[in-house]
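Participant: Under this note's numbering, the residue at position 55 of the sequence shown is numbered 55, and the numbers go up by one with no gaps.
In case anyone wonders, no lab produced these hints; they're calculated from the structure. Here the structure is a predicted model, which means the values were calculated and not measured. A portion of the hints provided could be inaccurate.
Unchecked claim - Across the chosen pairs, the derived CB separations fall in these ranges:
id, residue 1, residue 2, range
1, 30, 105, 34 to 40 Å
2, 36, 67, 19 to 25 Å
3, 105, 4, 33 to 39 Å
4, 89, 33, 36 to 42 Å
5, 83, 20, 16 to 22 Å
6, 109, 65, 21 to 27 Å
7, 55, 30, 40 to 46 Å
8, 92, 58, 26 to 32 Å
9, 6, 48, 35 to 41 Å
10, 37, 93, 38 to 44 Å
11, 101, 48, 15 to 21 Å
12, 102, 33, 33 to 39 Å
Unchecked claim - Quick list of in silico lysine to aspartate or glutamate cross-link-like pairs, EDC-like style, CA-CA up to 20 Å:
id, residue 1, residue 2
13, 60, 88
14, 68, 53
15, 28, 5
16, 28, 55
17, 28, 16
18, 63, 77
19, 68, 99
20, 63, 103
21, 68, 33
22, 28, 57
23, 68, 57
24, 60, 70
25, 68, 103
26, 63, 49
27, 63, 88
28, 28, 70
29, 63, 53
30, 68, 55
31, 63, 33
32, 28, 49
33, 28, 53
Think of the CB as a built atom: it goes at the ideal place given N, C-alpha and C, for glycine as much as any other residue.
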Amino acid sequence: RLQCDCQHNTCGGSCDRCCPGFNQFPWKPATADSANECQPCNCNGHAYDCYYDPEVDRHKASKSREDKFEGGGVCIDCQHHTTGINCEHCVPGYYRSPDHPIDSPYICYR
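Could you put the whole structure together from the sequences, leaning on the hints where they help?
Facilitator: Following this line, the structure appears as structure tokens:
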């Protein structure tokens with residue numbers, strides 16, 4: 001059985017989906033002008049996977065790795081007591097530390 005050698009952060013038997021963690025925008029096939037590379041979600045270092053949500057994209061609610069509100073990446077299973085589309089908030093009962101950057105595992109404390 002033949003299998004494609006996927007590139008541009010694509011996965012699947014036919015490279016027809018974005019790999020885990022690379023769903024800031026929906027998968028699109030490559031064209032002669034663009035590879036349409038799958039882009040990583042911005043989970044601020046608190047999640048490894050995400051999914052694309054067209055409603056989040058439409059409302060410009062997801063922040064890309066370029067720090068722009070574009071795309072529809074929603075982080076899955078935020079760690080370090082974080083929550084939110086980009087794991088940018090602290091879960092109830094935890095508070096944001098002024099002493100740590102947003103990508104620190106110590107950003108949220110009791």
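Participant: Which numbered hints turn out to be false for this structure?
Facilitator: 7, 9, 19, 21, 31
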